[in-house]
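Novice: What follows is each chain in one-letter form.
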Amino acid sequence: MLCQRCHKRVATIRYAEVIDGHVTEMSLCPECLLEVQSNPKGFNLSSDERQIIGQKEIKESNVKKAKALCSVCGTQLSYIQEKNKLGCFTCYKSFGPEIESILEVIQGGSSHIGKKLNYPNDEERVQTQLLLDAKKALIRQVIKAEDYESAAKLRDEILDLEKLLASWKIGKN
Amino acid sequence: MIMKTWVNNKPIWWNEEAVGSPVAVLTVGTLCRNVAGFFFPLRMNEEEKQRLENLLKEPIAQLDGVSADDYLNFAGASPRENLFLSERFLVSYDLLSGIGHRGAFISNDQRFSIMINAGEHIAFRVIFAGLQVESAWELLNKMDNHISKSVDYMTDPRLGFLTSDLNLIGTGLKFFTLLHLPGLAKTGNIVLWEKKLQSLGFYLSGINTGPPPDARPLAIQKHFIEQGFHSLSGSPVTVGLIETVGSLFAIGNKYTLGFSEAEIIFSLSHTVNEITKAELDARQKLLSSSRLTLEDIVGRAEGVVHGAKFLEFAEAIELWSALQLGFSLNLTSESIFSLPLSLLFELQGGHILVNFSSDDSNTVKVSLMRANKFREILDNKN
Numbered sequence: 001m002l003c004q005r006c007h008k009r010v011a012t013i014r015y016a017e018v019i020d021g022h023v024t025e026m027s028l029c030p031e032c033l034l035e036v037q038s039n040p041k042g043f044n045l046s047s048d049e050r051q052i053i054g055q056k057e058i059k060e061s062n063v064k065k066a067k068a069l070c071s072v073c074g075t076q077l078s079y080i081q082e083k084n085k086l087g088c089f090t091c092y093k094s095f096g097p098e099i100e101s102i103l104e105v106i107q108g109g110s111s112h113i114g115k116k117l118n119y120p121n122d123e124e125r126v127q128t129q130l131l132l133d134a135k136k137a138l139i140r141q142v143i144k145a146e147d148y149e150s151a152a153k154l155r156d157e158i159l160d161l162e163k164l165l166a167s168w169k170i171g172k173n
Numbered sequence: 001m002i003m004k005t006w007v008n009n010k011p012i013w014w015n016e017e018a019v020g021s022p023v024a025v026l027t028v029g030t031l032c033r034n035v036a037g038f039f040f041p042l043r044m045n046e047e048e049k050q051r052l053e054n055l056l057k058e059p060i061a062q063l064d065g066v067s068a069d070d071y072l073n074f075a076g077a078s079p080r081e082n083l084f085l086s087e088r089f090l091v092s093y094d095l096l097s098g099i100g101h102r103g104a105f106i107s108n109d110q111r112f113s114i115m116i117n118a119g120e121h122i123a124f125r126v127i128f129a130g131l132q133v134e135s136a137w138e139l140l141n142k143m144d145n146h147i148s149k150s151v152d153y154m155t156d157p158r159l160g161f162l163t164s165d166l167n168l169i170g171t172g173l174k175f176f177t178l179l180h181l182p183g184l185a186k187t188g189n190i191v192l193w194e195k196k197l198q199s200l201g202f203y204l205s206g207i208n209t210g211p212p213p214d215a216r217p218l219a220i221q222k223h224f225i226e227q228g229f230h231s232l233s234g235s236p237v238t239v240g241l242i243e244t245v246g247s248l249f250a251i252g253n254k255y256t257l258g259f260s261e262a263e264i265i266f267s268l269s270h271t272v273n274e275i276t277k278a279e280l281d282a283r284q285k286l287l288s289s290s291r292l293t294l295e296d297i298v299g300r301a302e303g304v305v306h307g308a309k310f311l312e313f314a315e316a317i318e319l320w321s322a323l324q325l326g327f328s329l330n331l332t333s334e335s336i337f338s339l340p341l342s343l344l345f346e347l348q349g350g351h352i353l354v355n356f357s358s359d360d361s362n363t364v365k366v367s368l369m370r371a372n373k374f375r376e377i378l379d380n381k382n
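As you go down the protein sequences, you meet chains H and R in turn.
Per my numbering: the first sequence = residues 1 to 173.
Per my numbering: the second sequence = residues 1 to 382.
You may find that some hints are simply not true.
[To be verified] List of simulated lysine-lysine pairs, BS3-like, C-alpha gap at most 25 Å:
no. : chain 1 : residue 1 : chain 2 : residue 2
1   : H       : Lys115    : R       : Lys254
2   : H       : Lys116    : R       : Lys254
3   : R       : Lys222    : H       : Lys116
4   : R       : Lys254    : H       : Lys85
5   : R       : Lys149    : H       : Lys115
6   : H       : Lys163    : R       : Lys254
[To be verified] Label-pair restraints from in silico Cβ distances:
no. : chain 1 : residue 1 : chain 2 : residue 2 : range
7   : H       : Gln51     : R       : His270    : 20 to 30 Å
8   : R       : Leu200    : H       : Ala134    : 17 to 27 Å
9   : H       : Gln81     : R       : Phe266    : 50 to 60 Å
10  : H       : Ser150    : R       : Glu243    : 52 to 62 Å
11  : R       : Val191    : H       : Glu123    : 17 to 27 Å
12  : H       : Glu124    : R       : Pro217    : 42 to 52 Å
13  : R       : Leu200    : H       : Gln76     : 53 to 63 Å
14  : R       : Asn362    : H       : Lys153    : 56 to 66 Å
15  : H       : Gly108    : R       : Asp214    : 54 to 64 Å
16  : H       : Ala134    : R       : Glu16     : 17 to 27 Å
17  : H       : Lys153    : R       : Glu243    : 52 to 62 Å
18  : R       : Phe266    : H       : Ser167    : 53 to 63 Å
It is worth saying that the hints were derived from the structure and are not from the lab.
Values in this document were obtained by computation on a predicted structure and should not be read as measured data.
Here a beta-carbon is modelled for each residue, glycine too, at the ideal position from N, C-alpha and C.
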């Protein structure tokens, strides 16, 4: 592909520039790229301005994040951050980094060092619990929608998963 | 029917001597667990709560000391009748004021209880007089091992036992010891311990009367709820040291993650022993520097207990504290040598309320009965 600026040399780089909030993309050769970069059409921000915009973006992103819901039980992240209470096993997976941040503040360490029950198939147990949580959330929805056929099917699947979980007793493999 | 048995039967720990430390009133241990494959109680619907309740009842009923008949279902139960269970720390106030399928097994000797569908799926609770942290853990661990053979706990390879409340994650284990520290309170040295304990991962807090903050209201006259130690029945509510009643303080572990059960048990026992020494020293110093003042405090307390017709709870606890201090320093003129542990509980609103029928109770009668109870103990009539 030829450079979209000089139309002579081969384009090797995809260049994007934001002007007035619009993204303009071009395929450029290395020579044209140097020229464009030394004379951008956009504007440069001072470090203070960049900092203010950066903080605003972080704040907006945190507010947006705090409104996030656990995909399974519907507990809002802001509730967890305020009350330190979770709704289900999946909350731990949905909000992993945020929960780690809370634990850093309210707990004395980041790992459990006490009594342990050696359940076999750790990873499989985790996946089964996540699946169970999801199906339990789903069954609530289908019962609400009066779709009893799907509810019966889901109920059987839930029972099977519960049996599977119960089969991994401590000390058994 | 069951309730009547629990009211009439005195908890075994009421008769225990103050073991371990003369200033430790009692030790309460709570171990929380959740069952894999269920939402936490916060998000469970009634059907799921009932399924979990049924799943847990059978293995719990096989434990020594409880039977299937010892399960108290709180769904639909009268909170008025059950208020005294929270005052005895056998159930948490949250369980009492909660909604939906929930309840507790309470052992015949009231040494332990197992709450279902309170904040967590399972909460094992044990109570011992004095400082008996190791015995408390031994019993908790035994019950936990038994139940873990029948149900699958929610765990994580790194975070340990998963809980709805992030303050419990890891070991799920919370201990607190109730201490009577009038010496350290009067000399002001109690504040030095607060900072020291913080660095060890423990809290030292005052004791509040009444329900925990943000608790759901109960269908009982507020006055009766405020006349009890309900804020200690769940995760103890931390209260400023100077706000405490009767120079009573709670010391307990702040963290459940990053500390093993053995570390918590050792540190709590060790720290309480240190505080005990400091308290006894402080009492002796007060005796040598301010004997007359102490005699005045104790003498006044004796006078009030002998003469008062009505006593409010907080006032009664202050009198209890002054007399306990008097007994320990031989400053009283009484025929008994100490106050029984039971008195601290029997002065509470719910304990007095069970003696009345619902139509017959009012705040004046409760205050009258409290004053009578205290006087009888001091007159050695019980």
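Novice: Taking the hints in turn, state whether each one holds.
Specialist: Outcome of the hint check:
Proposed proximity of Lys115/H and Lys254/R is supported: the alpha carbons are some 18 Å apart, at most 25 Å. Among the hinted pairs, Lys116/H with Lys254/R is consistent with the structure: their alpha-carbon atoms are about 20 Å apart, no more than 25 Å. Between Lys222/R and Lys116/H, the direct Cα distance comes to roughly 43 Å. Violation of the 25 Å bound is thereby established for this hinted pair. Of the pairs offered as hints, the one joining Lys254/R and Lys85/H holds, with about 16 Å between alpha carbons and a cut-off of 25 Å not exceeded.
The straight-line distance between the Cα atoms of Lys149/R and Lys115/H is roughly 15 Å, inside the 25 Å bound, and the hint therefore holds. Distance hint between Lys163/H and Lys254/R is unfulfilled; the C-alpha atoms sit about 36 Å from each other, more than 25 Å. Here the CB-CB span from Gln51/H to His270/R is close to 49 Å, at odds with the stated 20 to 30 Å. For Leu200/R paired with Ala134/H, a C-beta distance near 42 Å fails the hint of 17 to 27 Å.
The hinted window of 50 to 60 Å between Gln81/H and Phe266/R is violated, with their beta carbons roughly 33 Å apart. A hinted range of 52 to 62 Å holds for the C-beta pair Ser150/H and Glu243/R, which are about 56 Å apart. For Val191/R paired with Glu123/H, a C-beta distance near 49 Å fails the hint of 17 to 27 Å. Separation of Glu124/H from Pro217/R is about 45 Å and conforms to the stated range, judged on CB atoms against 42 to 52 Å.
Between Leu200/R and Gln76/H the Cβ separation comes to about 35 Å, which falls outside the hinted range of 53 to 63 Å. The hinted window of 56 to 66 Å between Asn362/R and Lys153/H holds, with their beta carbons roughly 58 Å apart. At about 25 Å, the CB distance of Gly108/H to Asp214/R disagrees with the hint of 54 to 64 Å. Distance hint for Ala134/H and Glu16/R: a CB-CB separation of about 49 Å, inconsistent with the stated range 17 to 27 Å.
The supplied range of 52 to 62 Å is met by Lys153/H and Glu243/R, whose beta-carbon atoms lie about 57 Å from each other. Here the CB-CB span from Phe266/R to Ser167/H is close to 37 Å, at odds with the stated 53 to 63 Å.
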